[in-house]
Amino acid sequence: MRVDEFMTTRIESIDADHTVYDAIERMVDRRIRSLLVNFSEKDKDYGVITARDVVFKVLARGANPKETRVSTIASKPIVCVDREADVTDVPPLMEKSHIARVFVCEDNKIVGVVSLLDLMAASLIIRARGDHVP
Amino acid sequence: MFLKKILSYGKQEEKVLEKIEKHVKLLCFACDSFHIAMAKDDRSLMREVIDLEREGDTLRREIISTIYAGAFLPYLRPDLSRFVEIVDRVFDSLEDTAFNYLDVQLPEQIIDECVRVAFLNDKMCEMLALTFEALLEGEDLREKALAIRIYEKKIDDIKFSIIKDIRRLPVDNFWEGRILAEFVSGLTAISDTIEDASDHLQIIHGGLRS
Chain A
1 MRVDEFMTTR IESIDADHTV YDAIERMVDR RIRSLLVNFS EKDKDYGVIT
51 ARDVVFKVLA RGANPKETRV STIASKPIVC VDREADVTDV PPLMEKSHIA
101 RVFVCEDNKI VGVVSLLDLM AASLIIRARG DHVP
Chain B
1 MFLKKILSYG KQEEKVLEKI EKHVKLLCFA CDSFHIAMAK DDRSLMREVI
51 DLEREGDTLR REIISTIYAG AFLPYLRPDL SRFVEIVDRV FDSLEDTAFN
101 YLDVQLPEQI IDECVRVAFL NDKMCEMLAL TFEALLEGED LREKALAIRI
151 YEKKIDDIKF SIIKDIRRLP VDNFWEGRIL AEFVSGLTAI SDTIEDASDH
201 LQIIHGGLRS
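Taken in order, these protein sequences are the chains called A and B. Mind the numbering: the first sequence is residues 1 to 134 in the numbering used here, read in order. Mind the numbering: the second sequence is residues 1 to 210 in the numbering used here, read in order.
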């Protein structure tokens, strides 16, 4: 199964100069755990901020999210796979990079994101199709 | 074939099961055509989806009449007929949505998401065909039913984001807005009915085993 069959195409993003408070607001409002961070859209310079970053790098340290910029806690660079990549290629990549989501790219453009939950769902579909039963 | 083993299986029954299989495969073909027509904005292919609904209707009538002409034990007939009727409801939704597509100019902002829903509907229908095959073979349907629910959840998520997007769009007149709203709700309701069909196969499967 190709990753583009199971990626999430709706990607929420935030500019790097926004505050962590803005990021929290957006994540809670949209019920998502990460945001793509635009450092420079022109140069295709992106990062990612996750709920884990917010909690461990800001809230747990008692920092003020209204005074902390997204750019200071975002991870860079993002990890991308080709949209035609097989879903089985993704877990080793996540394990190697210690990440829970990879972005799906085509011609230098981000077209989707695949998370751990997407991978688990994809594995169930593969089993149901009878393509591969590990 | 599992059904052959546990039922008084004859020519009539074989004919019915073959036709139900054909009905489900025709639905898969219709879903695939719908997806391609949307992805390529191929309006003549979209009109063919409407023709496929008529073909599906003819098959449904043949199946129901063969069932009530004496195929299968009487207690099984309503369940099999109900499954065929649910599949037919998917054809109806596809037809209505195809009509609405031909009638409305989709806003740029929602095209990609709508094509994605059509793609997932297609995949879901393939899984329904596999579920029906598994029923015939007497296999466990649990994994396949779960796969269908996963697809449905995925479509639901996309539905809410499309609705959020269209709320922000200006509408020129009442009818344009209404047809667009009907198109979106029809497109995203197809998966609900496919899920109903899968649930019904599980009911039939449970009934045969008990």
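None of these hints come from the bench; they were simulated from the model. Errors might be hidden in some of the hints.
[Stated by the list, open to error] Restraint-style ranges between C-beta atoms, simulated for each label pair:
{"#": "1", "chain 1": "B", "residue 1": "ARG178", "chain 2": "A", "residue 2": "LEU117", "range": "43 to 53 Å"}
{"#": "2", "chain 1": "A", "residue 1": "GLY62", "chain 2": "B", "residue 2": "ASP92", "range": "35 to 45 Å"}
{"#": "3", "chain 1": "B", "residue 1": "ARG168", "chain 2": "A", "residue 2": "ASN108", "range": "23 to 33 Å"}
{"#": "4", "chain 1": "B", "residue 1": "ASP156", "chain 2": "A", "residue 2": "VAL28", "range": "12 to 22 Å"}
{"#": "5", "chain 1": "A", "residue 1": "ARG83", "chain 2": "B", "residue 2": "GLY206", "range": "50 to 60 Å"}
{"#": "6", "chain 1": "B", "residue 1": "LYS15", "chain 2": "A", "residue 2": "ARG127", "range": "31 to 41 Å"}
{"#": "7", "chain 1": "A", "residue 1": "ARG127", "chain 2": "B", "residue 2": "GLY10", "range": "50 to 60 Å"}
{"#": "8", "chain 1": "A", "residue 1": "ASN108", "chain 2": "B", "residue 2": "ARG61", "range": "24 to 34 Å"}
{"#": "9", "chain 1": "A", "residue 1": "GLY62", "chain 2": "B", "residue 2": "ASP112", "range": "35 to 45 Å"}
{"#": "10", "chain 1": "B", "residue 1": "ASP192", "chain 2": "A", "residue 2": "LEU116", "range": "24 to 34 Å"}
Yeah, the Cβ is synthetic: ideal placement off N, Cα and C, and Gly gets one too.
Broken hints, numbered, in rising order? Hints 1, 2, 5, 7 and 8 contradicted; others consistent.
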